[in-house]
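Peer 1: Take a look at the letters that make up each chain.
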Amino acid sequence: MRAFPAEIVLEAVANGLLTGAVYGLVALGLTLVYGVLHIINFAHGALLTLAMYAAFVAWHAFGLDPYVAIVPLVPIFFALGYALQRFVIGPASRGDDSNILLVTLGLSIAIENLMLAIFRSDTLSVQVPYAMEVVEAGPMLLSLPRLIGFGVAFLVAAVLFVILALTDTGRAIRAVAKERVGAALVGIDVSHVYAVTFGIGAACLAVAACLLLPSFYVSPRVGNAFVLVAFTIVVLGGMGSVPGALLGGLFIGVVESLSGLYLGDSLGQIGIFVIFILVLLFRPTGLFGARA
Amino acid sequence: MTPRDLLPILAFAALAALVPILVTAGTTLNFAIFTLILCLAAQGWNILGGYGGQYSFGHAAFFGTGAYAAALLQLKLGISPYGAFATGIAAAATVGFVIGFLSFRSGLRGSYFALVTLAFAEVFRVLANAVEFTGGAAGLLIPIDVRPANFQFASRASFYLVALGLVVVALVMTRALERARLGAQLVAVRENEQAARALGVDVLRVKLSAITLSAGITGAAGALYAQYFLYIDSNIAYGSWISVEALLAPIIGGAGTLFGPIVGAVLLHSLAEFTKSLVGRIPGVDLVIFGVLLILVVRFPPRDLPGLIRRRLGR
Amino acid sequence: MSFLEVDKVSKRFGGLLAVSDASFTVAEGSITGLIGPNGAGKTTLFAIVSGFEPPTSGQVRWRGQPITGRPPHVLAGAGIARTFQIVQPFAGLSVRENIAVGAFLRHRRRADALEVAEQVAARVGLSAELDKPAAALTVAGRKRVELAKALATAPQLLLLDEVLAGLNPSEVRDIVPVVRAIRDSGVTVLMIEHVMQAVMNLCEAVHVLAQGRIIASGTPAEVVAAPAVIEAYLGHGAAARLARHA
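Protein chains in written order, with my numbering: chain A, 34 to 325; chain B, 3 to 317; chain C, 4 to 249.
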């Protein structure tokens, strides 16, 4: 293993934190869905892929800058997520664990391969003037898109926190997460809450996609790469824990950055999987999760 | 297991053996051999997922290990292809045991188990792609040397019969499992682990036996793939496509049944070929249909179908 | 040496002390009752004795040997079988196949296990339902299946957890002789029960659990009259009030 000068390592850590925040945003949707619906959404990665293609098309066909595309894409993906849970996943699975696994898997296969069929397997990317810009922070050069991503991710997390804590819908969501039957008994429409939660998760993905687009290629399998990272974050940060998702994201971002530095790109990914497997084997409820 | 138990299997074997006699077109036989390889992979998944109720999303880990082991032993150590094939199966079974031991001992089940198998398969894929020994991104090419002693046959019909033979062996093993104590205990674990425990079933041992057997059979499919197509790389061997196919076929054809994986594999592949003939070679279309089919099968389970139809007609 | 000895067993779940310093014995060949108000900790005690939960402290001894903390399948093999309060059938299987799972513990061959399943089914009155799916039976039927599964493991000690719950009086009347016949065939029975008529009818000895503690032990008649027991069920001061109005 090569030794690197301190500034390089520091920069890798800083960039890791920045990217990690967006990973955290991706994981946020996943952990929210788990915390409320108690399901592991295997279609999460495919939805991210879909969102990235949508943002790409917005840029390619309509000239929308990815950051601007957030505005139309968030409501569109919220609606899509809502519809998927309300009309596909919910009815198909009837609450059975194995069925939910299969239905979300089916969705992920269908969506990913639809993208493959439409866009083929070429990797695509957007060309935006600020993609390569850097910001000087002391000895480090931080990528501008990643800096923006960091800020927006935290902003979204904060907005989400406010929604959950202060709005009626947020209270309903928290009620259903804690005690589904009790919530139904006091008149909360559980299917609606489930669908809203799923919609919020999809909306988070839409934002994350727009934040990632300036720095990452789009391909049909891109969501997959991110989703395993997202799963690792969720499992590490605790299933259902929103702060856990953000903190876990930062941690994983740094791990990925450092592994990439020391092990090279192809082996770098392994670091994350190994962590994932280890956490699953030894503490599947995560470092923040409730005791099983 | 009585001779009567074997009758359906023999009937199937006899019918299927007719195929190379009735069909001589190279492409059709190719399709048939590929379908049989997938049947075998699916039969492996069915033992753990169908009978055992433990859904693995990473059976590629076993398929790929069988494939790479068989290929590497021939290429690097000059071992006879038949020996390499057998060792490939053993290697896959060992990997199955290890993954099973780690996962089941930690009490992983349901979605957590599916996740961890997915992760293991990905680790294997990334490693195989990165490491020189396995050919890296370029993959492994088994040199063409067409001799029966070298497990390479001039006629596709011979390969077909070999593949069929393996499928039949897997059928017999599955039937034997159904009739044995292990089979009853495995199904009990699937239906209700707590209750099984209370009746003296050693749940860990049963799950480990199931995953080892399952991995070995799917590993055989991988080794056969390598031997027939003579080329593998990390995406072919450890790619998610095979995890999906091995899972989808039994679910659609009937999880936990003897012929379910075969029915499912044939159905899925015929559907894929049919779609290709309609829309041409657009990559991914067949899998889109598979995905939709999976959702539909879960929404309208085949065994509920008669009741559903009756209700709709009754209105 | 007692057949089954629970020795100062306590069980804590986080902040909740479910069982506190419980001690009692079960005599071989008896039908012993474990009664008490809801939430007293009876099912937790069963879980501890059958190996599903380890106690926080204390010991369980079976024929003089400590069995504390052994896993359920090992204890089942040793001869301790239990039923569950909320019945746990193998839903996808027929009644015969359900019972056979228990029989497979002692018989390797499928034919033998299926035959034993038929015999056990006859003992509990399920012969007519053998080929029906277990999930299709009534509550009473499913309770019999639960009983049959445990019996098929050829136990020496049978732990019955509220096997009569949810049954109407005539169904209760039908099952009571079945339980007695099980004991007469050489199986010791420890039963959690709320249906008092059955407890009085069947049990030779009764232990009363309230708020995690054993508060009385003796014959059914003795225990039912004990003031501590009356208070556990009817509230503080009830014994005195009843005595005044007697």
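Source of the hints: derived by calculation from the structure; they are not laboratory data.
All values derive from a computational prediction rather than experimental measurement.
No residue lacks a Cβ here, since even glycine has one placed at the ideal position from N, Cα and C.
Careful: at least some of the hints might be erroneous.
[As the list claims (entries may be wrong)] Partial chain B-side listing against chain A, Cβ under 8 Å, derived: (1) T96; (2) V100; (3) L104; (4) Y114; (5) A182; (6) V287; (7) V300.
[Stated by the list, open to error] Stretches of chain C that chain B covers, calculated by requiring three or more beta carbons in the stretch to come under 8 Å of a beta carbon on chain B: (8) 71-80; (9) 89-97; (10) 147-157.
Peer 1: Next step is simple, just say for each hint if it's right about the structure.
Peer 2: Results for each hint:
1. T96: With a minimum Cβ separation of about 18 Å from chain A (threshold 8 Å), the hint on T96 of chain B is violated.
2. V100: violated (12 Å)
3. L104: Holds: closest Cβ of chain A sits about 6 Å from L104 of chain B, inside 8 Å.
4. Y114: holds (5 Å)
5. A182: violated (25 Å)
6. V287: Where the cut-off is 8 Å and the nearest Cβ of chain A is about 5 Å from V287 of chain B, the hint holds.
7. V300: holds (5 Å)
8. 71-80: Contact hint for the stretch 71-80 of chain C vs chain B: holds, 5 residues under 8 Å.
9. 89-97: holds (count 6)
10. 147-157: This one holds; 4 residues, not fewer than the three required, reach chain B with a Cβ under 8 Å.
In summary, the numbered hints that this structure violates are 1, 2, 5.
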